[in-house]
Amino acid sequence: MKINSFRVALSLIAASAAAYSASAQTKLNGAGATFPAPLYQRWIAEFTKADPNIQINYQGVGSGTGITNFTQGIVNFAGSDAAMTDEQIAKVKQGVVLIPATAGSIVLAYNLPGVENLKLSREAYVGIFLGKITKWNDAAIAKANPGVKLPDTAITPCERSDGSGTNFVFTKHLSAISPDFKSQVGEGTTVTWPAGVAGKGNDGVTALVKQTPGAIGYVEYGYAKNNKLTFAQLENKSGAFVAATPESGAATLNTTQFPSEILRAWPSDPENEDAYPIATFTWLLLYKKYDKKEQLDALKKFVTYGLTDGQKFAAELGYIPLPQEVVGKCEAALKSVE
Amino acid sequence: MADTTAETSTGDDFRKRRFRFDLFLVLTWVASVATVVTLVWIVLSILQAAFPAIAASGWSFFVNSVWNPNRNIYGVFPFLNGTAGSAGFALLLALPLGVAIAIFLSEDFLPIAVRQVIRFVVELLAAIPSVVYGLWGIAVIIPIVQSWGGFLTQKLGFLPIFAPPATGNSMLTASLVLALMVLPTITAISRSALVAVPKALREGSYAVGATRWETIFKVLLPTAAPGIVAATILAFGRAMGETMAVAMLIGNSPRLTWSLLSPAGTLAGLLANQFGEASGMQVSALMYAALTLVLLTLLVNIAGELVLRHTQKTIAGIR
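Taken in sequence, the protein lines are chains U and S. Numbers 0 to 337, taken from numbering that gives the first Met the number 0, label the letters of the first sequence in order. Numbers 0 to 318, taken from numbering that gives the first Met the number 0, label the letters of the second sequence in order.
Keep in mind that the hints were calculated from the coordinates and are not lab data. Hints are not guaranteed to be accurate.
[What the hints assert, rightly or not] Just a sample of chain U residues kept apart from chain S, beta carbon distances all over 10 Å, derived: (1) 85; (2) 149; (3) 186; (4) 192; (5) 229; (6) 244; (7) 259; (8) 303.
[Stated by the list, open to error] Residues on chain U that point at chain S, a partial pick, calculated with CB under 10 Å: (9) 66; (10) 67; (11) 87; (12) 158; (13) 159; (14) 160; (15) 170; (16) 187; (17) 190; (18) 191; (19) 195; (20) 203.
We treat Cβ as the ideally placed atom computed from N, Cα and C, and that holds for glycine.
Excised from the complex, chain U in its bound form:
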């Protein structure tokens, strides 16, 4: 009896071991930027449905943490809204390949009941975030909005309190169009704003804007769309007022010139008349060399899927699909991964 049950247990263990090795999965772990996380999750869900032998995790922990984990080798790939600086790349001994994976616009959402289609000149939105324009009926705002009755409400600028890629892109744009902003605030993932209140994450800023009459805050286009926030048309370099749409974002991305050695550039101030002024890529960070063949193959397959079939989910989730030309460059870069 005793021997019998022992045998049964043994054969059970053997059977389960065999079952396990038969379904041996390739696991890929990634972490980083929160902004593209919903799109990456969608890619992962669709991709692993087609190929269940590959298991992929992506945690939206923030670009900074993603880069740190990537440098320490804790993850197989990472995501970052601010790409990686040369200094950061130098610290990764396996080498780094940057792949722009998707893109998004940043919109200025406002809470001004009764006022729709607000137009903000460059002078106006820089002034608001510098704390120089404090009332909604300020001449600088009224000038671009003839016929709109602007209230005497105080403006409450709403900002990100945490370090973020959104901060980086927004302050980079403001610094590009205003020397005052560049000298007083500057660009970076965490900046010190001269005025306003701050909340954590896109959702924190969204909550502030929704709740505060007279508020204006910068959030990702997808967030603004999902939360039904009203956002302003912004004046671009050519002087036209443009609303954020996938098309106007794509027009901005098309102006981007990548340097030949690395796919890293920000369209800080596009010149086209139909281009929305604040749009940016977000990057997947891959190592140049992978030790395990099956991980390398799985990763290449996944990224290729994201760059091609995966792009069709972008617009639906509030992102800007990559221009064809960029996809080509990304696929070329992906080939250099070994």
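Chain S: place on chain U using the hints.
What follows is chain S alone, placed relative to chain U:
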């Protein structure tokens, strides 16, 4: 009883029991030493990570009022001010209320059963997670502060504590919610201090012809005062360290302000907000800020414990 069992049991049994007792002793020792070691370890590792910032900015870290990671300038004065300000104002609100509840619960105004229920409900406030306080603050307190803030800055804006700009997310909002959060601490400790006042004192007071209110204000409260002070200090420590609810409500501004109606920032909020994306010197400066917060709350809590111990001794002395 213990003796008889020891006599009747065999030597083997006795050894077993002895061993079990030793094992228990060792385990409790390990557990208590581990607690102390963990605390020291935490402080030391924070100190180590903070060292580059300590070397770079030294004492000026505490008086410099600019926090700008972008330019590598780190000063925590606005956050120290925000931490002390929000916690201090919260106590100003919670102390009278908490002591009043404590008096009410320690006197026989109501039948014991009802008092027990009230006491339970007040202490239940401590069980609400702080993120829920934060959400409640956003939904309830912010609209109230918004509607009064504009009025206050217009009429009393000349006073520095009501200076514009008034926003819903402000030091006042954070303080109001903090006051509610520390109320159970103040009530519970003050109540036990009041209950611990020896009966003889109360009876003596009545005997010389004092009314109930005279007894409360001239005999009970002064005797329980050290306990109430300890409650206040411990509540202050709790309010200073509170992170989530405050970060959701205070507006997270790194600018120095004296106005209750303007957004401010606290040390705990600063850490929660900026640590995720920080790198290089910013990490070190945040660690320095963390060290400051840990040492401040430790000091406050030690002070509270000392006062509390002293009280227990005096009351024991009267008995």
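Hint check results:
no., hint, verdict
1, 85, "holds, 14 Å"
2, 149, "holds, 18 Å"
3, 186, "violated, 7 Å"
4, 192, "violated, 8 Å"
5, 229, "holds, 19 Å"
6, 244, "holds, 29 Å"
7, 259, "holds, 28 Å"
8, 303, "holds, 29 Å"
9, 66, "holds, 8 Å"
10, 67, "holds, 7 Å"
11, 87, "holds, 8 Å"
12, 158, "holds, 8 Å"
13, 159, "holds, 9 Å"
14, 160, "holds, 4 Å"
15, 170, "holds, 8 Å"
16, 187, "holds, 4 Å"
17, 190, "holds, 5 Å"
18, 191, "holds, 4 Å"
19, 195, "holds, 7 Å"
20, 203, "holds, 8 Å"
Going down the numbered hints, you'll see the structure goes against 3 and 4, while the others check out.
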